[in-house]
Amino acid sequence: MVPETSVRSLEQRFILKVPSSTRNLVMIREFVNRVAEQAWLSETERGQLELAVDEACSNVIEHAYGHDVQKEVTVRATFDDDAVRIAVVDQGAGFDPEAVDQEALETLIEQRKTGGLGMRLIRSLMDEVHYEIEPGRKNELTMVKRRQPPGVGPERGSGSDPES
Amino acid sequence: MVPETSVRSLEQRFILKVPSSTRNLVMIREFVNRVAEQAWLSETERGQLELAVDEACSNVIEHAYGHDVQKEVTVRATFDDDAVRIAVVDQGAGFDPEAVDQEALETLIEQRKTGGLGMRLIRSLMDEVHYEIEPGRKNELTMVKRRQPPGVGPERGSGSDPES
Amino acid sequence: MPEPFVITRAVHGEIVVLALAGFLDAHTAPRFETAVQSEIDAGHHRLVVDATALSYISSAGLGVFMGFIEEVREAGGDIKIAALAPKVREVFNLLGFDAIFDLVDDVPAAVERFTATPSA
Amino acid sequence: MPEPFVITRAVHGEIVVLALAGFLDAHTAPRFETAVQSEIDAGHHRLVVDATALSYISSAGLGVFMGFIEEVREAGGDIKIAALAPKVREVFNLLGFDAIFDLVDDVPAAVERFTATPSA
Ligand SMILES: Nc1ncnc2c1ncn2[C@@H]1O[C@H](COP(=O)(O)OP(=O)(O)O)[C@@H](O)[C@H]1O
Ligand SMILES: Nc1ncnc2c1ncn2[C@@H]1O[C@H](COP(=O)(O)OP(=O)(O)O)[C@@H](O)[C@H]1O
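So the protein sequences, as listed, match chains A, B, C and D.
Each residue of the first sequence is one higher than the one before, starting from 17 at the first, in our numbering.
Each residue of the second sequence is one higher than the one before, starting from 17 at the first, in our numbering.
Each residue of the third sequence is one higher than the one before, starting from 88 at the first, in our numbering.
Each residue of the fourth sequence is one higher than the one before, starting from 88 at the first, in our numbering.
These are computed hints drawn from the structure, not numbers from a lab.
Cβ atoms here follow ideal geometry from the backbone N, Cα and C, with glycine treated the same way.
A couple of the hints might just be wrong.
Covered by chain A, per the in silico footprint, the following chain B stretches (three or more residues, Cβ under 8 Å) [said to hold, decoys possible]:
{"no.": "1", "stretch": "28-35"}
{"no.": "2", "stretch": "38-44"}
{"no.": "3", "stretch": "47-58"}
{"no.": "4", "stretch": "74-88"}
Below, a sample of chain C positions facing chain B; criterion: calculated Cβ distance under 7 Å [said to hold, decoys possible]:
{"no.": "5", "residue": "D112"}
{"no.": "6", "residue": "L149"}
{"no.": "7", "residue": "M153"}
{"no.": "8", "residue": "E157"}
{"no.": "9", "residue": "K174"}
Isolated chain A (complex conformation):
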């Protein structure tokens, strides 16, 4: 099958809103996979997008909403010829992404930490990551996966330039 140019030239938008519960991560991952499929991402890229969005949503469910199922997690995906962009939105207290410690894995292990890996994973998996923090109103994490230019090959390497 070949991309339909007439469809791909437009921006397409998909939105999913679910109650803030880890129970809904399966649904979120399926949603991301389906969007990524339509955007003609490779299987590797689909997996990267799926994991990055899972991490972002897990953070919202845990940190922004403290597992309060009456709160809502929003995932907004758009794609066009150039990129797939996924925004994960919460209305929690917000946080300072710059101030989050990025300890070495060895340090986390010594301290017997069980967390602190999500944000570095998101940064390793995606081509661009932006935060827009407006505490209580709207905290938005936007993740961009640039599309491989046509004809460069069937697959791009897994995680272009991992950071951690």
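Since chain A is already given, all that's left is putting chains B, C and D with the ligands on it; use the hints.
Frame of chain A, contents of chains B, C and D with the ligands only:
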């Protein structure tokens, strides 16, 4: 596994918005299945809900939007202890559901029709069906699947009281 | 992850068997319609649809059966539908298709029915 | 339709093998954490995680490995991870887990490593 009463007593809400294309029916069906799963519907009931929502969305894509992918189909699902309610919303020209012919299957076949089955299928599959038509602003088809009272048995019959 | 819709064609003498796999919905029904139309255009009116691997059908798929059945029957043929999964068969039944279409257990049974009734 | 998360426990002499199947994410990681904690509480420090049927892992799952590895190693044991699918192993590698954890090809290889190094 057993329903978690503390979670089930609240109303939970899920929203999916996708571009108006039949390509997105797969994503819509997965979404409905996942919601139905969380609402503890039986496999038969999940299949009924999936098909009814597919039919409603196919109608929006074809009749309300004439396959214009720049338009958006909204599926809103809620459930609580009593029922799963799914609304399919479009902003098309609307129509008069009462005025839609419900010809006998034999007549449709004689006339070599390829359509005209969707709305009767929705009515057969669901426990309640409501239309709210406000042409150009918001046409909303709400479909209700009542939950089987606990302890009545693992499965209710397929399609309680089919109409056609 | 996507369950595609695939049509596979096989010929048993005068009978054409179209095996369907995956989802037959408003997105994929046009491909099925084209496939049936091609058979009719080529003069094949004895059709068997092998639904063994068909996991889903919506009214758009049923509409294809509805739209062609008169034409093939008038030409002395039929569309026999074999091996519907219970979930899919339920949809046929719900709309009364079981009273009008010849729904059979498997492809050999469908072929058998055709040879039992010679074509016009 | 849902791919569940299932933990199956087996004992090979002094070694406990926990086989994981399905999705290990923020929803299911607490169950895995409880399972590992129970082993440690019972004095089992030679653990093999059989990841053959593990189809997905997120950082919540990795966090369980991270949180217990020091404790089992201090007690003279280890958590060896066997048979990671390539997609899942990629996540371990991306975070540098391959430098710290003993990732082995299969369960027999993991058991072998333990018996080559007698416990404290
Ligand atoms: N959406 C969010 N709202 C509030 N705080 C957040 C959010 N996302 C991340 N954080 C903060 O950033 C920290 C680091 O996140 P992460 O790297 O994913 O590790 P973990 O979630 O395991 O702690 C979290 O512990 C939390 O304090
Ligand atoms: N959302 C909608 N917007 C406008 N018209 C609609 C809508 N849904 C249904 N209709 C009208 O109702 C008719 C019957 O629909 P249906 O029973 O599903 O059969 P079909 O879609 O195959 O024609 C359609 O042909 C159309 O005229």
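Hint-by-hint comparison with the structure:
Counting residues of the stretch 28-35 of chain B whose CB lies closer than 8 Å to any CB of chain A gives 8, which reaches the minimum of 3, so the coverage claim holds. Beta-carbon proximity to chain A at under 8 Å applies to 4 residues in the stretch 38-44 of chain B; the threshold of 3 is reached and the given coverage holds. Residues of the stretch 47-58 of chain B with a Cβ under 8 Å from some Cβ of chain A number 4, which satisfies the need for three, so the listed coverage holds. Residue count for the stretch 74-88 of chain B with a Cβ under 8 Å from a Cβ of chain A: 3. That meets the three needed, and the coverage hint holds.
The restraint placing D112(C) at the interface with chain B holds, with a minimum CB-CB distance near 5 Å, inside the 7 Å limit. Hint status for L149(C) relative to chain B: holds, with the closest Cβ pair at about 6 Å, below 7 Å. Interface restraint check for M153(C): the shortest CB-CB distance to chain B comes to about 6 Å, inside 7 Å, so the restraint holds. The beta carbon of E157(C) is positioned within 7 Å of a beta carbon in chain B (closest approach about 6 Å), and the interface hint is therefore held.
Annotation: K174(C) was flagged as interfacial toward chain B, and the flag holds, the nearest CB pair being 6 Å apart, inside 7 Å.
Hint check: no violations occur; every hint is consistent with the structure.
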